Amino acid sequence: MTDWTKIPIKGILLDITGVLYESGGQAIDGSIDAVARLMKSKIPVRFCTNETSCTRKALVEKLHRFGFSMEEKDVFPPIPAMSSILKQRKLRPFTILKPEAMADMSEIDCSNPNCVVIGDATTEFSYETLNKAFQLLVSLDMPLLFSLGRGKYYNENGKLALDVGCYMKALEYACDIQAEIVGKPSRSFFNAALEDMSVSADQVVMIGDDVVNDVGGAQSCGMRGVLVRTGKYRFQDENHPEVKPDGIVDNLAQAVDMILKAL
Amino acid sequence: MSRKKKTVLIDLSGTIHIENDEVPGSIDALKMLRTCTVNVRFVTNTTKESKQILFERLTKIGFEIDFDEIFSSLTAAVNRIKKSNLRPYLLVDDKAIADFEGFPVADPNCVVVGLAPEKLSFECMNKAFDLLINGAQLIAIHKAKYYKRTDGLALGPGPFVTALEYASGVSAHIVGKPSSDFFLSAIKDYDCQPADCYMIGDDVWGDIEGAASLGMMTFVVKTGKYLDGDEFKIQSKTRVVDRFSDAVAEIIKDISLF
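Taken in sequence, the protein lines are chains W and E. The first sequence maps to residues 1 to 263 in full-length UniProt numbering. The second sequence maps to residues 1 to 258 in full-length UniProt numbering.
Some clues are possibly wrong.
No farther apart than 25 Å at their CA atoms in a straight line, the calculated lysine-lysine pairs in the DSS-like style are these [to be verified]:
(1) W/Lys-159 / W/Lys-90
(2) E/Lys-188 / W/Lys-132
(3) E/Lys-82 / W/Lys-98
(4) E/Lys-148 / W/Lys-132
(5) W/Lys-132 / E/Lys-48
(6) E/Lys-119 / W/Lys-132
(7) W/Lys-6 / W/Lys-57
(8) W/Lys-232 / E/Lys-127
(9) E/Lys-48 / W/Lys-159
(10) E/Lys-127 / E/Lys-48
(11) E/Lys-233 / E/Lys-82
(12) W/Lys-98 / W/Lys-87
(13) W/Lys-159 / E/Lys-127
(14) E/Lys-82 / E/Lys-95
(15) W/Lys-98 / E/Lys-119
(16) W/Lys-132 / E/Lys-82
Simulated from the structure, these hints should not be mistaken for lab results. Quantities reported herein were computed from a predicted structural model and do not represent experimental measurements.
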């Protein structure tokens, strides 16, 4: 591993769940202070998350309760991105999402649907609901499936649960189609955050706990990808067959120490 | 040219019947087929109906068949569990549970996935996933993408198997069609090679691709789950006919040439 702080860092993307706080738990040690120190350093920071279980507003409010102090406009979750794609392409979705997240879709016409959008859900992933999505997709001349991320599983309060990626694979297999990913690791999703900072990819570091979607995804956009040993991290991730992180750190606080030292 | 007795493998649902209705002309076509000296076997990927239920339904529709001519994916699954002394966690329909009676279910070391809408819930899928990443085997009764219901197409077990495979990194053993083992077991009682066999079905992946890759001659029928252009979605070449009776007519023509 080379020193990932050697090339000047002009922008930082942070994953949220598993980097700032543990899913279903509390803020990760040192992360509140780490984010505050980054903001004070004036390096632009944006938060890139695949969280779709609630609205952006609710997510930011939760982070504020933990003690983080970012603004809502600096947080990039998939649903607002999805909404603008739907508007742009004049699409009306059948959605499998938690009701708590639907407010971010309020401007979207969901009647007489002509595409399917799936995101964070739990019991909504039932046979009957998935079958509805399937029946809609096979009835369309151009079946369109959007998946808000493509994670395999997550750990909530010590219990493993299948993530949206599994159900995306299920519908892809059933309909012989390929989903469009909105969220990490899609290039256009990362690019929206980069453009917002007006910094080129090679000057940006992405820090996350998902070796494939955060680290690998950022690297394939030309950023540096740094893996934290918190959240969904497992030691096997350090010898991942496809993704070699530019850096591996114990937690966000350690990454920020290194970034600030290199300034 | 082979003069061996030919074997004709026939899919059930969507090919000769749809639920309790005959696909028109199939009862007579089957009678015609039996006037030739051929072996007939009904190969089905059911995940929820025992052989007995299938037999009764077909007889009631008016088909003349022998109980032992039915070879189903459920039997194949039971055989596999028995052979490897497994303790199954069953995501299968209650109607099929009877076939799995007698197997130990505590501390499961395999997950069996069939088609059971009420069992393929978020909770059960998560439990299955947990077992898989702790070393359990994944057995798919079959991996069909969808099937034909009276209200249209509906998801088969395949998408749920795919979801579990993606999450866990464990590849499923498919015991039903299109696995080679399934087709070979179906013909093992007869003195014949795959090249002496015909397969007739409505599913290009389950029925046709699997049989064709073993060297069987295949017919896809445009009934049941068949969708326009399906034959172009697979690698193998297959003959395409409107319905079962047309496939039988062609087979009779073929055989009379030898």
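How the hints compare with the structure:
For the proposed pair W/Lys-159 and W/Lys-90, the alpha carbon gap of about 39 Å is over 25 Å, so the pair is violated. For the given pair, E/Lys-188 sits about 40 Å from W/Lys-132 by alpha-carbon distance, which is inconsistent with the 25 Å threshold. Distance restraint check for E/Lys-82 and W/Lys-98: the Cα-Cα separation of roughly 42 Å exceeds the 25 Å cut-off, and the hinted pair is therefore not satisfied. Between E/Lys-148 and W/Lys-132, the direct Cα distance comes to roughly 14 Å. Compliance with the 25 Å bound is thereby established for this hinted pair.
This hinted pair checks out: W/Lys-132 and E/Lys-48 have alpha carbons roughly 21 Å apart, not beyond 25 Å. Under the criterion of a C-alpha separation no larger than 25 Å, the hint pairing E/Lys-119 with W/Lys-132 is consistent with the structure, at around 17 Å. Taking the CA atoms of W/Lys-6 and W/Lys-57, the gap is about 36 Å. The hint is violated against a cut of 25 Å. A threshold of 25 Å between alpha carbons decides the hint, and for W/Lys-232 with E/Lys-127 the separation of about 19 Å falls inside it, so the pair holds.
At roughly 30 Å between alpha-carbon atoms, E/Lys-48 and W/Lys-159 are farther apart than 25 Å, so this suggested pair is violated. The hinted pair formed by E/Lys-127 and E/Lys-48 meets the criterion: a straight-line CA distance of about 21 Å does not exceed 25 Å. About 36 Å separates the Cα atoms of E/Lys-233 and E/Lys-82, which puts this hinted pair outside 25 Å; it is violated. This hinted pair checks out: W/Lys-98 and W/Lys-87 have alpha carbons roughly 21 Å apart, not beyond 25 Å.
Taking the CA atoms of W/Lys-159 and E/Lys-127, the gap is near 10 Å; set against the 25 Å cutoff, the hint holds. For the given pair, E/Lys-82 sits about 20 Å from E/Lys-95 by alpha-carbon distance, which is consistent with the 25 Å threshold. Taking the CA atoms of W/Lys-98 and E/Lys-119, the gap is near 21 Å; set against the 25 Å cutoff, the hint holds. Annotation: proposed proximity of W/Lys-132 to E/Lys-82 is violated, straight-line Cα distance about 36 Å (limit 25 Å).
Figure legend: structure checked against the earlier numbered hints; hints not met, in rising order: 1, 2, 3, 7, 9, 11, 16.
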